[in-house]
Amino acid sequence: MTEDQLQNASLLELFLLEAQSQTQALDLGLIQLLQQPEDKQQLEACMRAAHSLKGAARLVGVHQAVDLAHVMEELLVEAMRGQRQLLPLHIQLLMQASAMLLAIANGQPVPELAELVAAIARQYAVGQPLLSTAATASTASKAPAAEMASPPQPQPASAALPPTPVAAPPLPHSDKESTEHRNHTLRVNAERLDLLLDLASRALVVSKNSQKFSTDLIRVKKTQLHGRKLLESLREMLMEYQLPDHVFHNLTELTKVLQTTQNQIQHSIQQYEHMSWDAMLLNQQMYDTALSCRMRPFADLLTGKARLVYELATQLDKQVQFLVEGHHTAVDRNILERLEAPLVHLLRNAVDHGIESTAQRLQAGKPAPATLQLTARHAAGFLQIELSDDGNGIDLENIKNRILAKQLSTAEAVRTMDEQELLAFLFLPDFSLARQVSALSGRGVGLDVVQHEITQLGGQIALKNRPGQGCTFQLKLPVTVSVVRCVIFEVGTEMYAMPLHRIEQMLRLPKEQLVIVEGRPHFWWNGDAISILLLSQLLGLKEGQPDPLGMGVMLFQDRDQKIALSIERFIGEQSLVVLPMDSRLGHLSAVAAGAILSDGTPVLILDTDDLLTTAHTLLKQGQIGHLTDHSSAVAVKKVLVVDDSLTVRELERKLLTGKGYQVTVAVDGLEGWSMLRSGAFDLLVTDIDMPRMNGIELVKLVRADARLYNLPVIIVSYKDRAEDQQLGLDAGADYYLAKSSFHDESLYEAVHRLIGASGL
0 MTEDQLQNAS
10 LLELFLLEAQ
20 SQTQALDLGL
30 IQLLQQPEDK
40 QQLEACMRAA
50 HSLKGAARLV
60 GVHQAVDLAH
70 VMEELLVEAM
80 RGQRQLLPLH
90 IQLLMQASAM
100 LLAIANGQPV
110 PELAELVAAI
120 ARQYAVGQPL
130 LSTAATASTA
140 SKAPAAEMAS
150 PPQPQPASAA
160 LPPTPVAAPP
170 LPHSDKESTE
180 HRNHTLRVNA
190 ERLDLLLDLA
200 SRALVVSKNS
210 QKFSTDLIRV
220 KKTQLHGRKL
230 LESLREMLME
240 YQLPDHVFHN
250 LTELTKVLQT
260 TQNQIQHSIQ
270 QYEHMSWDAM
280 LLNQQMYDTA
290 LSCRMRPFAD
300 LLTGKARLVY
310 ELATQLDKQV
320 QFLVEGHHTA
330 VDRNILERLE
340 APLVHLLRNA
350 VDHGIESTAQ
360 RLQAGKPAPA
370 TLQLTARHAA
380 GFLQIELSDD
390 GNGIDLENIK
400 NRILAKQLST
410 AEAVRTMDEQ
420 ELLAFLFLPD
430 FSLARQVSAL
440 SGRGVGLDVV
450 QHEITQLGGQ
460 IALKNRPGQG
470 CTFQLKLPVT
480 VSVVRCVIFE
490 VGTEMYAMPL
500 HRIEQMLRLP
510 KEQLVIVEGR
520 PHFWWNGDAI
530 SILLLSQLLG
540 LKEGQPDPLG
550 MGVMLFQDRD
560 QKIALSIERF
570 IGEQSLVVLP
580 MDSRLGHLSA
590 VAAGAILSDG
600 TPVLILDTDD
610 LLTTAHTLLK
620 QGQIGHLTDH
630 SSAVAVKKVL
640 VVDDSLTVRE
650 LERKLLTGKG
660 YQVTVAVDGL
670 EGWSMLRSGA
680 FDLLVTDIDM
690 PRMNGIELVK
700 LVRADARLYN
710 LPVIIVSYKD
720 RAEDQQLGLD
730 AGADYYLAKS
740 SFHDESLYEA
750 VHRLIGASGL
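Going by numbering that gives the first Met the number 0, 149 is the number at position 150 of the sequence shown; the sequence numbering is gapless.
The hints are simulated quantities; they were obtained by calculation from the structure and are not laboratory data.
Here the structure is a predicted model, which is why all the values come from computation and not from measurement.
Glycine included, each C-beta is placed from N, C-alpha and C at the ideal position.
Be aware that one or more of the hints could be misleading.
Unchecked claim - What follows is a list of derived Cβ distance ranges for each label pair:
1) V448 / E37: 51 to 59 Å
2) N188 / Q725: 32 to 40 Å
3) D557 / Q34: 40 to 48 Å
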């Protein structure tokens, strides 16, 4: 590629960025003009956006965009001058043009260009402008003259009500200003930017950890001072003896040398502390600057979203006010890109499912226009995104009926489920409350995709339902995934790390503060008795020797409940560079990432949400590990065996029972799924070919369930072909054993590797 081509590519990329910003401003402004078509401020903002796009397109030679932006600008200028009132038809055409401008900037084909340009041109008095040669040539062969003479037929625009004023991104005031901005922009490869941030984060961690050397120097200084005092005492003691003068002279000189060394050490400490502090500040600034290069405003995610809500509401004959707060909230570029699909799913879901029709709202005593509010903010070190609507909420009875209709659980189990357990079904694949399949909904694809993507980003999603009043989706995501402050501790004989911001309190409890109830440790906290769960039990490890100073406890607040996890020993706190786990390791239960301590020791960063989910299950089922005098008890492990063959079920049950495991059996996948939903198990062993629900379907349901997602799974099947094994592993199984080569030890070894020994 020549130098000219490189420069041209850079300009095209900049044009795309500007098109994204300006079309977003156009969409927001046009929707507001639906309600107030004579709003001079919005008319001017939209006109300037079209004008800036025309100038930018002309600069980079995108003639199609020049033609389209020109007719948009002319129509808006007439409206500004009071020569023409914007009608819903005009705004519909302008919104189509905004979407087409973005498509042109993305390099997509636009065969309807000439048709749309002609349609807009006919709306203002100047007449139809001549198309540029490039635009005409690109479309003349694709659209007959009769079609070009007929404008597109937009859908009625009166069904959707525009939102109240929403702050739009600032618009350039002139082509000159836009050009000057481009001249100060430098293209940087994304991989190099990521490398820069990685190096900056490592430098920051090293600089912070290097401060401990100052403490080491102070310790050396104290030791040296103690040595000098001992030498002075020795000199005074020797004065009583008749020793040669040179002995006392040498002692005096040695004392002076030690004093000089003492002063030098003190000076070095001061210099080191000063340099270390400066280095830490510089590294912090470098890291913050590198991080800011990866951060983008939340507004970048909003391109086209107002238009999406407007068009969807129009199609469904609903009125929706779309409000946005937090345009300028900074978000990591990678996180922002991966939020695109989940946000579109949630917006479509809210307009289609959550918001009632105008007639239904009026009948319920609600205002005709519904409110859909999207908020982004930073809170407690996280990016928090909320999408709320004031629709009808979610009918729990409808969920129950769908569960029973799809045979996902028994009627008895459904009756005992609380609201959150019922809402969790909405995140299952192929689960929908829509009565019929349409182009918009009913296929059961959406919320499961959203949950999967948010989980992959290290975040979590929650749904709060207000029957008759609407619902709120809450997304909690890391602002960045580069460096995290962690507490380092020991469980058994291994060191682990956990993000500090998730821990409410760290305690060391002496024996006299522990209350043993039914063999389980409790302690009093603000008037409440808190049960302590053994973290070693959650991780499947043997307990180590207890700290003689007291039991280490980490206290968490989760789901309106206090959770306490015990550890053997606190080691300290460190800022750790997060290292993603190698994909070849597959899914590791309770593990979020890896890291390297300042002394070079590798540690695993635990997945707090995974551990707390397991803890809730144990508390609910009463499966809390007992405290022993020697801290060496192994928890009883519960295994669910699912197989339609009586012989195989009994063989596996007897084998695992003989090894100390508590085994429950199910005759097919559906019964197994019901038991999994209503009980607590440490492992699932399942066949594939079974009536009502096969093993592959069962495993997929397990992996799609928020509570069961981390449950270890072993498939035991007569199917021993490589493609069958791959199918099982792809579904989410941790092990695949063929019955043709099945023997006792192979099953036990797989079970032991996944969940360890059992203490039954």
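Taking the hints in turn, this is what the structure says about them:
For V448 paired with E37, a C-beta distance near 42 Å fails the hint of 51 to 59 Å. For the hinted restraint 32 to 40 Å between N188 and Q725, the CB-CB distance of approximately 36 Å keeps it satisfied. Against the hinted window of 40 to 48 Å, the Cβ-Cβ separation of D557 and Q34 comes to about 43 Å, which satisfies the hint.
Checked against the numbered hints above, the structure violates only hint 1.
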